[in-house]
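J.: Following the hints, position chain Y against chain C.
Protein sequence lines correspond, in order, to chains C and Y.
Position 48, counted from 1, in the first sequence is what our numbering calls 48; the numbers after and before it change by one each time, with no gaps.
If you count the second sequence from 1, you need to add 483 to reach our numbering.
Don't read these hints as lab results, they were simulated from the structure.
Be aware that one or more of the hints could be misleading.
Claimed, not checked - With a straight-line cut-off of 25 Å between C-alpha atoms, the simulated DSS-like cross-links for lysine-lysine are:
| # | chain 1 | residue 1 | chain 2 | residue 2 |
| --- | --- | --- | --- | --- |
| 1 | C | 80 | Y | 565 |
| 2 | Y | 565 | C | 381 |
| 3 | C | 79 | Y | 565 |
| 4 | Y | 525 | C | 381 |
Since we're looking at a predicted model, the values are computed, not measured.
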Amino acid sequence: MPRSIREARELLRTRRISALELAELALDRSHADRHNAWLHLSDDHARAQARAADERLSTGDAPLLTGIPWACKDIIGTKKIPTTAGSRILEGYIPPYSATVVERLDGQGAVMVGKTNLDEFAMGSSNENSAFGAVKNPWRDDRVPGGSSGGSAVAVAAGEVLFSLGTDTGGSIRQPAALTGVVGMKPTYGRVPRWGVVAFASSLDQVGPFANTVEDVAIVCEAIFGKDPNDATMVTDFPNDDLRSDLDKGVKGMRIGVPKEYFSVKGMEPGVERAVRDAMKVLEGQGAKLEEVSLSLTDHGLAVYYIIQPAEASSNLARYDGIRYGLRVEGPDLLETYRRTRGQGFGPEVKRRMILGTYALSAGYYDAYYVKAQKVRTLIKDEYDRVFEKVDALVTPTSPTVAFPIGAKVNDPLSMYLNDIFTLPVNISGLPGISVPCGLSDGLPVGLQIIANSYQERTMFRVAAAYERATPHHLERPKEKAA
Amino acid sequence: MAIDRSVVEKAAGLARIALTPDEVERFTGQLSVVLTAVERLKDVDTEKVSPTASVLPVSNVMREDEIRTGLSRDEALANAPKGGRDGEFFRVQQVLEERP
Chain C
1 MPRSIREARE
11 LLRTRRISAL
21 ELAELALDRS
31 HADRHNAWLH
41 LSDDHARAQA
51 RAADERLSTG
61 DAPLLTGIPW
71 ACKDIIGTKK
81 IPTTAGSRIL
91 EGYIPPYSAT
101 VVERLDGQGA
111 VMVGKTNLDE
121 FAMGSSNENS
131 AFGAVKNPWR
141 DDRVPGGSSG
151 GSAVAVAAGE
161 VLFSLGTDTG
171 GSIRQPAALT
181 GVVGMKPTYG
191 RVPRWGVVAF
201 ASSLDQVGPF
211 ANTVEDVAIV
221 CEAIFGKDPN
231 DATMVTDFPN
241 DDLRSDLDKG
251 VKGMRIGVPK
261 EYFSVKGMEP
271 GVERAVRDAM
281 KVLEGQGAKL
291 EEVSLSLTDH
301 GLAVYYIIQP
311 AEASSNLARY
321 DGIRYGLRVE
331 GPDLLETYRR
341 TRGQGFGPEV
351 KRRMILGTYA
361 LSAGYYDAYY
371 VKAQKVRTLI
381 KDEYDRVFEK
391 VDALVTPTSP
401 TVAFPIGAKV
411 NDPLSMYLND
421 IFTLPVNISG
431 LPGISVPCGL
441 SDGLPVGLQI
451 IANSYQERTM
461 FRVAAAYERA
471 TPHHLERPKE
481 KAA
Chain Y
484 MAIDRSVVEK
494 AAGLARIALT
504 PDEVERFTGQ
514 LSVVLTAVER
524 LKDVDTEKVS
534 PTASVLPVSN
544 VMREDEIRTG
554 LSRDEALANA
564 PKGGRDGEFF
574 RVQQVLEERP
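For reference, chain C alone in the conformation it holds in the complex (with noise of 0.2 Å):
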């Protein structure tokens, strides 16, 4: 598999691999993934796509993404092929249209080879929560692989596609992108329309990119960002084909900021911190101001986040009743129905979200959980707007450790939940984040965060391009793709 976009690129527009090859090869690579990360492989329809890529390469009018094959998060919704939110209750379904940023990558001619397996409903950092099985990291098999978007992340570090899309509510696409060595980015909120993709906590969800390189990432942002008539959470005039316009620029001058609280966390891996104090001297080798910038909330997120999300989530997910599509336990009656249906097609974390979120939104208790965590939202989010004021650029850890064993936070919750807290306030605050791989600890990969101000994501792939150009770390793989 080539190394990057940019590179398969050359090769496809110099005819010395054809797309077809290209998408034989992935689906050979897919076909023999041993990490359960897919949950659908779409042979022909990968196929097709690949010979009408090369009809319109040979044309020599084809866009960058022209028979570049790529994975899709099994919780963005695609035209008859199979798409199950990694969940019992719509196990079977086919949707009759596809999600419009599907629709945009088939119009630029990538392949999609198939639909990788997640969290169900996103619920979940480890990607042990998907009622197909869990997903195993290509660098350990005894590890996760992070979540929610587990395995579009492992498609992508183990060399089957050369990019994918996750979705992001609190880290799920930067804290699997970290613990599998890829690129991974959240776009500010608004920028991605979200037509086709299953809802899960509306005022958090973005669609964002996996790859190999932050330019591949730039490419794959350029082709899905925009506005959407079908989608009315969206902000417009602003232009989406000039995202990779300041990648070569450098981080001379530029002023880095460094959140002290995000290095006071309990359980924070010394190895981490080492990795990320690394990555911070190179930016400062390469001319950035760095200067420490307080987050006074940051512990505070984690709060924030787990009331307004199981609350979204538990009306989002009202619709799954068994009655127009997914399954249906029947009962005797039509309230019996429901509750065997949601009782069996919903798996432990999403019924404990769903209690959860409707707890909190109860008489009784709306005020005192949901409106006080929309209330301290707005702090969180007056901050980063201060912050963002001195300096041009945030840079964090993206997860606190590596990552963790098959099985180890399964039954506590709260410490899975805390796999976050660096990323999830980035999605209360509608921010643009990026993970970079920044080194190993224990021979696993470590995650260099950076966070920009809305909209600016220009500049956060300014800032991470440099620091990719100025260390190998994103050349590192787990052993098997070297061969």
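T.: What follows is chain Y alone, placed relative to chain C:
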């Protein structure tokens, strides 16, 4: 805040989720831990703060009011659950009493 089984049972009822006694037991313990952790929000002074429902600075987003084709009847019915389709209709359980 520690909660007891009745809280979990009540919320599960509102959420229309049937739980086994085992699940009620497990979730009661786990959610007590989570609710205790989120209690720290009480320490934040929010007296003069307005709530944020969305970070987006947009409202009343409109699109052109034009006729577009929707799903065909067959497309809409194609994913009906097992036993959930009756010809051109979804089959559902009776919810109204029959007249005497």
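J.: Each hint should be assessed against the structure and marked as holding or not.
T.: Checked hints:
Of the pairs offered as hints, the one joining residue 80 of chain C and residue 565 of chain Y holds, with about 19 Å between alpha carbons and a cut-off of 25 Å not exceeded. Distance check on the hinted pair: residue 565 of chain Y and residue 381 of chain C sit about 46 Å apart at the alpha-carbon level, beyond 25 Å; violated. Restraint check for residue 79 of chain C and residue 565 of chain Y: the C-alpha separation of about 21 Å stays at or below 25 Å, so the hint holds. For a cut-off of 25 Å, the pair hint linking residue 525 of chain Y to residue 381 of chain C stands: about 18 Å separates their Cα positions.
The structure does not agree with numbered hint 2 stated previously, though it agrees with all others.
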